[in-house]
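Use these hints to put chain B onto chain A, whose structure you have.
Chains A and B, in that order, are what the protein sequence lines are.
If you count by the numbering used here, then the first sequence holds residues 1 to 592, one letter each, in order.
If you count by the numbering used here, then the second sequence holds residues 1 to 592, one letter each, in order.
Treat the hints with care, as some may be off.
The list treats identical chains as interchangeable, and a pair is accepted whether it falls inside one copy or across any two copies.
Said to hold, decoys possible - Restricting the straight-line Cα-Cα distance to at most 27 Å, the calculated cross-link-like pairs of lysine-lysine (BS3-like) are:
(1) 500 <-> 370
(2) 500 <-> 69
(3) 69 <-> 468
(4) 111 <-> 500
(5) 290 <-> 267
(6) 468 <-> 500
(7) 105 <-> 500
(8) 456 <-> 105
(9) 105 <-> 267
(10) 344 <-> 370
(11) 334 <-> 102
(12) 22 <-> 88
(13) 88 <-> 378
(14) 267 <-> 334
(15) 468 <-> 456
Source of the hints: derived by calculation from the structure; they are not laboratory data.
2 protein chains.
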Amino acid sequence: MSNNTTYRSHTCGELRLADKGKEVTLCGWVQRSRDLGGLTFIDLRDRYGITQLTFNMDTNPDLCGEARKLGREYVVQAVGTVIERSSKNSKIPTGDIEIDVKSLKVLNESKNPPFTIEDQSDGGDDLRMRYRYLDIRRNPVRQNLQLRHRMAMLVRNYLSNLDFLEIETPMLIRSTPEGARDFVVPSRMNPGEFYALPQSPQQYKQLLMIAGMDRYFQIVRCFRDEDLRADRQPEFTQIDCEMSFATQEDVLSTFEGMARHLFREVKGIETGDFPRMTWHDAMRLYGSDKPDTRFGMAFVEITDMAQGHNFGVFDNAQLVVGFNATGCAGYTRKQLDELTDFVKRPQVGAAGLVYIKYNADGTLKSSIDKFFTPDDLKAIADRFEAKPGDLMLVLCGPAMRTRTQLSALRLEMGSRLGLRNPDVFSPLWVVDFPLLEWDDETQRYYAMHHPFTSPKPDDRHLIADRDKWGDIRADAYDMVINGVEVGGGSIRIFDRTLQKEMFTMLGFSDDDAYRQFGFLMDAFTYGAPPHAGIAFGFDRLCSLFGGADSIRDFIAFPKNNSGRDVMSGSPAPISQQQLDELAISVRNDAKN
Amino acid sequence: MSNNTTYRSHTCGELRLADKGKEVTLCGWVQRSRDLGGLTFIDLRDRYGITQLTFNMDTNPDLCGEARKLGREYVVQAVGTVIERSSKNSKIPTGDIEIDVKSLKVLNESKNPPFTIEDQSDGGDDLRMRYRYLDIRRNPVRQNLQLRHRMAMLVRNYLSNLDFLEIETPMLIRSTPEGARDFVVPSRMNPGEFYALPQSPQQYKQLLMIAGMDRYFQIVRCFRDEDLRADRQPEFTQIDCEMSFATQEDVLSTFEGMARHLFREVKGIETGDFPRMTWHDAMRLYGSDKPDTRFGMAFVEITDMAQGHNFGVFDNAQLVVGFNATGCAGYTRKQLDELTDFVKRPQVGAAGLVYIKYNADGTLKSSIDKFFTPDDLKAIADRFEAKPGDLMLVLCGPAMRTRTQLSALRLEMGSRLGLRNPDVFSPLWVVDFPLLEWDDETQRYYAMHHPFTSPKPDDRHLIADRDKWGDIRADAYDMVINGVEVGGGSIRIFDRTLQKEMFTMLGFSDDDAYRQFGFLMDAFTYGAPPHAGIAFGFDRLCSLFGGADSIRDFIAFPKNNSGRDVMSGSPAPISQQQLDELAISVRNDAKN
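For reference, chain A alone in the conformation it holds in the complex:
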């Protein structure tokens, strides 16, 4: 192959009946070959599709013989004529034609791949990750990466058209102990000193607002050295945004617009206005700050009706709460036991489950019949707005913990009832998050969002009263779709005094705060504009639009749960010379 010819005239996805009679050159991989008596057919695959090559043993036995020797995944170049197929394949866009091949060239051979390159592969996860470059040849993975590209382009063009500027912020930054653990990078030129990789460009985007850039975005890699739960990656991608002179309404409408644009362009769906729900309502009605609103089963509190019936479990509980599972009165003992087992699993942690069946005949049957009269139960059923045929499921205990447990049960019921269809999208905004969360272990408050989030102006007076700190609401908001928090942000503090009060509430001394955030606090003294922002988890957003649960299949080269790339074998030991140049040592107990 000289480098000055052209490799191909068309891709494997573009030829149609209208091209009949054309002389073409195609390149691609051998997907499969079939010998049918005197004819050999080869499915030639590239990123764009599959085209069938035909070889005739009668008219060109040499060439047909060559074709029969091609193995799976061989890379070949075929020259031939587009002809109409006698038996058409309506499943693929090129299914009306085939190529009557005149000449064939093997560009590269292939060993037999360790798993089948098909939509449903026979390869397990580990094997496919080890040979990720073969896994990506499979349609589903390739389509995920194409979707990701398309979504990134849509986001960039949407925001750019709204005067947002994409500005690249540094990857080698200063380590800040607040928040999750940083990955660090030893500096050879400054021995004993380290850069950190950004967990987000938070401080830089705020500096860009102080710098007058007005509207910023960036699709940017971020890093977090956390113990990896399933489906967390040490490096992940954010759509990071910030606006100056922006109210919460400005941010919400801008980014609701972005999400609606994506739904329209990618899924062909018009979502309408996103509902808004306060954090307090989300917790009260769904037991979660990221409620899956594709289905109902909102919570109903019955503490007042449940107590005073000599049922100690209820009487001693802070909260008695449940939801109505429409049409589930027919659940068998076995099914109810499964649900009880579900809530008693350590991951959920409830002590038990109370059910009230509203039978089709109008009678009520419950696991607490001993303590409640039929009239008592009927009154409870009325509060649940239950109808004959429904099933009420009730938990009790400390308020927040019980809500969280009931949320898990609600999602389980949603799944069992097929109400969590990945092709249905139910977005909403959750707003008015608490500013602070108390941590029992360290006996201090932490910022629920981050230390630069503004309290709601109406709640600012509560800062003066230490006992009320937990009640302060923040101007913070999350975009939630199908029970997944896809994005979150806040109005930022742009006033130095308020920022100092915030650091005080977080238990930072002035010195601590200044050591960590001094340059940002200095910047606030030079005319910081009011500003606000939001960040979206791009990997997660892609997986949601792709209808998949795992983000891993939307990342070209993901890492496993130990942070390893099993394909390249990273991380790995480095040479003594590298360590010496960096003036660091690996502790003896860590050497392997």
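Only chain B this time, still in chain A's reference frame:
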């Protein structure tokens, strides 16, 4: 300020005479204020422009008094009516109108900035870097970042329209000792092991070709732990691209198209076809693999005519070479001495400079009159195609070193003659680079481009002859604009046997090669397609289009020559707890 109102109705850049009479609300920074008797004028600035606010001491003394108290860079919100200016300012788009202010609110105060926020600032480099967030408020820096955003959008849309997919490759990868020094990242979860930050996504983009992705690009951060020369950054951004089933012609025409698109959209310039020059010709004619072709002064070799005249310096030289500086025969002794001093500087390193003046009267005068007759000089002048009024400048010595020295002199003359206008663009392709470079110090060959670059098919037979390795040409190409290498790439080796031969030439044992590149070499055995690629230095491309010499002003938050960010104070020591968790120690001699 409640968070539910709107901060502004317009930006400071959009109001025109057609808006006369409108009630508007603007937000921005106080650029400057002037008190003229009964009137106070304030220039209010945001990213989009400047609008003049007017306050009248007669009609509203309180408000005017407030306005007079505003300091530079205060952030204010002003409500008022658009009125026609009595004395218009044609220099700014909003110069026909001003705002008759009805109410004014200070959103934030500002300390007096440490330097003036003007196009020409009084702040030195260090001060501006320390307060980069104020520096970015200045028009020139802001415009650079806007240009960068625009160029990134143009590149992405151009490539995406050509079916290139932007695919994010990992930032935490495996360290490979070949090439420049890696930044490394200790892995907490895998003690004693390290990730490296990518110097480029080279291996991943080749894997994506093996994965069948066909056309890939990425605007991507890359990292190189090198001692920083002026205008090098430890992190930099590349437009990284790769194509399958692509010939050199395919790559060159695709990316010449991209560059022409940028010239057209950004500069309004039609560049026409880019000339192509072999590396050999570039060195012979310009002494550089990145010739500045905005001007002529191509080299003329006169070794044959220069030798045999008893001038030892010429007689002992491998090469005698010069160029003709049109119209410079009038150069004074002082000017010629300056040029001699220039070539004798250690950075250039020539022993001396020979000149031949072709005077306007047709006589010839040179620094070597003792050895050459007027007829000899006339013959030399003819070879230079010199005319009366011209000046020939000649160097001699070892061939390659002399060419490099003469290249420096040529660029100096180009600058002196004003031939290096940043508004003129002269792009070209330099092709057919040598495959290997010999390194005297380590006594081995290095890949001139990288170890995956293919030799030209016509030169592959030379691999068999060790003495000919230096003559092997590569299918490698650089895009050069105005003497700057903006991009470079190559046809890749896609054949495992050839790749092994390449590693052998580079002095790698099979084991070494496999240890470093094993997973890539394995991947080549599973049907690697022919592929080729290119990468552009995006920071440099932006600075070139912005007409500036320094890339630093096209990076929002650059680092200085010690790799430090003086604004945030990074890098910095990290806590003992962080070191402990990573199982590393800082050597005692490095602690500070």
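Tested hints:
1. 500 <-> 370: neither (57 Å within a copy, 81 Å between copies)
2. 500 <-> 69: For residue 500 and residue 69, the Cα distance is within 27 Å only across copies (26 Å; inside one copy 75 Å).
3. 69 <-> 468: Neither: 78 Å inside a copy, 38 Å across copies.
4. 111 <-> 500: Classified as between: cross-chain Cα gap 17 Å, same-chain 64 Å, threshold 27 Å.
5. 290 <-> 267: Within one copy, since 22 Å is at most 27 Å while 48 Å is not.
6. 468 <-> 500: within (18 Å within a copy, 70 Å between copies)
7. 105 <-> 500: between (71 Å within a copy, 23 Å between copies)
8. 456 <-> 105: For residue 456 and residue 105, only the inter-copy Cα distance (20 Å) is at most 27 Å; the intra-copy one is 70 Å.
9. 105 <-> 267: neither (41 Å within a copy, 45 Å between copies)
10. 344 <-> 370: within (22 Å within a copy, 106 Å between copies)
11. 334 <-> 102: neither (66 Å within a copy, 74 Å between copies)
12. 22 <-> 88: within (18 Å within a copy, 67 Å between copies)
13. 88 <-> 378: neither (64 Å within a copy, 79 Å between copies)
14. 267 <-> 334: For residue 267 and residue 334, the Cα distance exceeds 27 Å both inside one copy (39 Å) and across copies (74 Å).
15. 468 <-> 456: within (14 Å within a copy, 75 Å between copies)
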